[in-house]
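Take the given structure of chain D and dock chain C to it, following the hints.
2 protein chains.
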Amino acid sequence: MAVGLLSSLAQPVPQGGRILLSVLDGLGGLPDPATGKSELETARLPNLQALAAKSSLGLADPVAPGITPGSGPGHLGLFGYDPLTEVIGRGALSAAGVNFPLKKGDVAARANFATLDAAGKVTDRRAGRIATEVCAERCRLLSGIPGVTVVPEKDHRAVVVFHGKGLVPAVTDTDPQVTGVAPLACKARSAKGAALAKRVNAFVAEARRRLKAFPQANGLLLRGFDVQPDLPSLESLYALKAVALASYPMYKGLARLAGMEIVEGLADFGAQLKALPSALKRADFVFLHYKATDSAGEDGDFAKKVRALEAYDAAVPALLSSGADVLVVTGDHSTPAVMGAHSWHPVPYLLHAVRCRTEGAGAAFTEHACARGQLGRFPLKEGMALMLGHAGRLAKYGA
Amino acid sequence: MAVGLLSSLAQPVPQGGRILLSVLDGLGGLPDPATGKSELETARLPNLQALAAKSSLGLADPVAPGITPGSGPGHLGLFGYDPLTEVIGRGALSAAGVNFPLKKGDVAARANFATLDAAGKVTDRRAGRIATEVCAERCRLLSGIPGVTVVPEKDHRAVVVFHGKGLVPAVTDTDPQVTGVAPLACKARSAKGAALAKRVNAFVAEARRRLKAFPQANGLLLRGFDVQPDLPSLESLYALKAVALASYPMYKGLARLAGMEIVEGLADFGAQLKALPSALKRADFVFLHYKATDSAGEDGDFAKKVRALEAYDAAVPALLSSGADVLVVTGDHSTPAVMGAHSWHPVPYLLHAVRCRTEGAGAAFTEHACARGQLGRFPLKEGMALMLGHAGRLAKYGA
Chain D
0 MAVGLLSSLA
10 QPVPQGGRIL
20 LSVLDGLGGL
30 PDPATGKSEL
40 ETARLPNLQA
50 LAAKSSLGLA
60 DPVAPGITPG
70 SGPGHLGLFG
80 YDPLTEVIGR
90 GALSAAGVNF
100 PLKKGDVAAR
110 ANFATLDAAG
120 KVTDRRAGRI
130 ATEVCAERCR
140 LLSGIPGVTV
150 VPEKDHRAVV
160 VFHGKGLVPA
170 VTDTDPQVTG
180 VAPLACKARS
190 AKGAALAKRV
200 NAFVAEARRR
210 LKAFPQANGL
220 LLRGFDVQPD
230 LPSLESLYAL
240 KAVALASYPM
250 YKGLARLAGM
260 EIVEGLADFG
270 AQLKALPSAL
280 KRADFVFLHY
290 KATDSAGEDG
300 DFAKKVRALE
310 AYDAAVPALL
320 SSGADVLVVT
330 GDHSTPAVMG
340 AHSWHPVPYL
350 LHAVRCRTEG
360 AGAAFTEHAC
370 ARGQLGRFPL
380 KEGMALMLGH
390 AGRLAKYGA
Chain C
0 MAVGLLSSLA
10 QPVPQGGRIL
20 LSVLDGLGGL
30 PDPATGKSEL
40 ETARLPNLQA
50 LAAKSSLGLA
60 DPVAPGITPG
70 SGPGHLGLFG
80 YDPLTEVIGR
90 GALSAAGVNF
100 PLKKGDVAAR
110 ANFATLDAAG
120 KVTDRRAGRI
130 ATEVCAERCR
140 LLSGIPGVTV
150 VPEKDHRAVV
160 VFHGKGLVPA
170 VTDTDPQVTG
180 VAPLACKARS
190 AKGAALAKRV
200 NAFVAEARRR
210 LKAFPQANGL
220 LLRGFDVQPD
230 LPSLESLYAL
240 KAVALASYPM
250 YKGLARLAGM
260 EIVEGLADFG
270 AQLKALPSAL
280 KRADFVFLHY
290 KATDSAGEDG
300 DFAKKVRALE
310 AYDAAVPALL
320 SSGADVLVVT
330 GDHSTPAVMG
340 AHSWHPVPYL
350 LHAVRCRTEG
360 AGAAFTEHAC
370 ARGQLGRFPL
380 KEGMALMLGH
390 AGRLAKYGA
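Order-wise, the sequence lines are chains D and C.
Heads up: the first sequence is residues 0 to 398, going by numbering that gives the first Met the number 0.
Heads up: the second sequence is residues 0 to 398, going by numbering that gives the first Met the number 0.
Excised from the complex, chain D in its bound form (with noise of 0.2 Å):
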């Protein structure tokens, strides 16, 4: 369905309505081997399986099928985007979860902080993972440089801005995504992206001349370029008042993409689920974000992500309690430990609501059980009409 007849219908309520949305990154999984399980089917969840019974089941496809999301794709399908037509570059989504605003003319990339041999070839793409801390002190080290700014996000990540005029982000990455070979030269996808392209490989090489005396994160791959997105508010979409509950910079840059207020200082999921029930109190939309599992499927670590879900579900309680009246709990894309690896598999989608036709005793959060829900399988955007619809926040469509 398209947005603009879902904004036509979607209207403030007097009281009530209010939508919790949680996301747990990287939800869906794939058995264990071992033992036929997959991670929701082998974690001991009694609060989310005694909610399957009393919400509805399905599951939802992030992008299309077969098609495996990054974080961004992912979160714009959430918060009810169409992934395809809104397409936001990795350099303005991490602009955004710096808070960094790009203005008319700016272009941001996403920029690694990498470790180059003496031959000046890749040997590490993330450094070792340096602290933040350390990466801040790089980055000052690049702040002099004309017409460029470089702000540290987390670890070994930056943003790095180009300022000009007529720049535009038509140009190639210089992030090689392998070792043992020297980072690529930005090349102009057309005429139009020559200017930023030449301006692109003159930062490089300056930067490379400031910090090749460091043994590690001496250089620097960038990737994403891309100017300030121009995505339609839930505000102007929904008329719903929005506030985002996240610890990691790119989440909450995809919330301020999307007009949400940003509760700033929440260092994990424990400050995260402290803020929530205020933040309900004064939003009609609450994005809460929950990190580990998909921290745990990247890391290809099948009972760390069994264990992120268990402890996930010890706070299914206060969700419940929080004063929301829908509750979706999903994630953003598929992350099957035994693959280590984000996926294209569809996600669990459990939504609970007072009218919410429910899965009924026998029902429980897995992918299997997923796949035989009321809500059958649909794409990921079209959430966003099952929330407000649940909400009562949709006018009657038609005589």
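Some clues are possibly wrong.
In this list, chains with the same sequence are indistinguishable; a pair is considered to hold if it fits within one copy or across any two.
[What the hints assert, rightly or not] Under the rule of at most 25 Å between Cα atoms (straight-line distance), these lysine to aspartate or glutamate pairs were calculated in the DMTMM-like manner:
1) K273 x E309
2) K53 x D31
3) K395 x D81
4) K395 x E85
5) K53 x E40
6) K395 x D154
7) K395 x E297
8) K395 x E381
9) K53 x D300
10) K290 x E40
11) K395 x D298
12) K395 x D123
13) K395 x D174
14) K395 x D172
15) K395 x D31
The hints are simulated quantities; they were obtained by calculation from the structure and are not laboratory data.
The following block gives chain C in isolation, referenced to the frame of chain D:
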């Protein structure tokens, strides 16, 4: 799927291929909190339950997930039209319902006779649901107003048709949808609507003068201004000669817009059933409308909706012996009794035909069983392709 493709494949058949679309208005429900069972799960439906095992089941979204449809979009979907592109104002629907053909230049509005107090404020939007005869009498009192035709519909409902040249229905409703306030002035939504708005306000003022002496049904509320819609007929699209068996004007109107022959004078479902075998002899497609489920749902009367389902169940043998080759039992939208209103929940869909994939023993015609059915979850408009396909009315696509 696009109507155009379906239409290009549709073909008449030498014999057989007769389709019976049996619509239980407001069919879908929600559990009674006391029992945890929906209306369909509570009712004793031996014939439908036996039929479910020999049928394909699914859940259909009349408009889109999360969207609550009016009766118009719901029926457009049932008849295979896209309710998002074919938008029909309530006035045009009502005009079709009373078989008042709108000419070029005519604009129709749905009217409620309402009761206003001495200060001109609405005290009852439906004037105590006056009898159709009283409504007809009031309409006659308004018949002399130049350039306007007022036609009684049913109970407190009427159709007001404004005749003219260059009238554009870009105007707002006068029905405030609440009591305790005066009827709204009709306003132009754009410059094109100015002429009509002036005509509407003059008419409403004159009507009020003529009705003022009555203690009840002494004012008019207008809504849903629209011109004659231009819907291609089921015959032109799919070579289907179609007949409608309905007792309520609005459903006759919807069927008429789809080009169906309307059998007039069917006072109730018993009369509709009697007319069924002969309709199926002369038609390829019969639309049989059952209102009682929606009325009970709208009244918020769970037990009454259960009884309405049981009364329908008793008619199922007659449907099965009526001569139809394909039988579909479904709804135009859900009207859960616990909500007392239309809702966004998808509707149960049962398709019975010689060549359907059957659900087998243990199947039931309930929301839960339909959610796990052979047909999956699909947009209601795609039901037309399912009906045509099972009726052998679609040519093979491609070599």
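The hints, checked one at a time:
1. K273 x E309: Cα proximity of K273 and E309: one copy only (19 Å, versus 51 Å across).
2. K53 x D31: between (28 Å within a copy, 14 Å between copies)
3. K395 x D81: both (23 Å within a copy, 16 Å between copies)
4. K395 x E85: Between. Shortest inter-copy distance 16 Å satisfies the 25 Å Cα cut-off; intra-copy 28 Å does not.
5. K53 x E40: both (18 Å within a copy, 17 Å between copies)
6. K395 x D154: between (49 Å within a copy, 23 Å between copies)
7. K395 x E297: Answer is between; shortest inter-copy Cα gap is 14 Å, intra-copy 43 Å.
8. K395 x E381: both (17 Å within a copy, 21 Å between copies)
9. K53 x D300: For K53 and D300, only the inter-copy Cα distance (23 Å) is at most 25 Å; the intra-copy one is 31 Å.
10. K290 x E40: within (19 Å within a copy, 41 Å between copies)
11. K395 x D298: between (46 Å within a copy, 18 Å between copies)
12. K395 x D123: This pair counts as between: shortest inter-copy Cα distance 22 Å, intra-copy 56 Å.
13. K395 x D174: For K395 and D174, the Cα distance is within 25 Å only across copies (16 Å; inside one copy 50 Å).
14. K395 x D172: between (48 Å within a copy, 16 Å between copies)
15. K395 x D31: between (46 Å within a copy, 23 Å between copies)
Every hint from the earlier list agrees with this structure, and none is contradicted.
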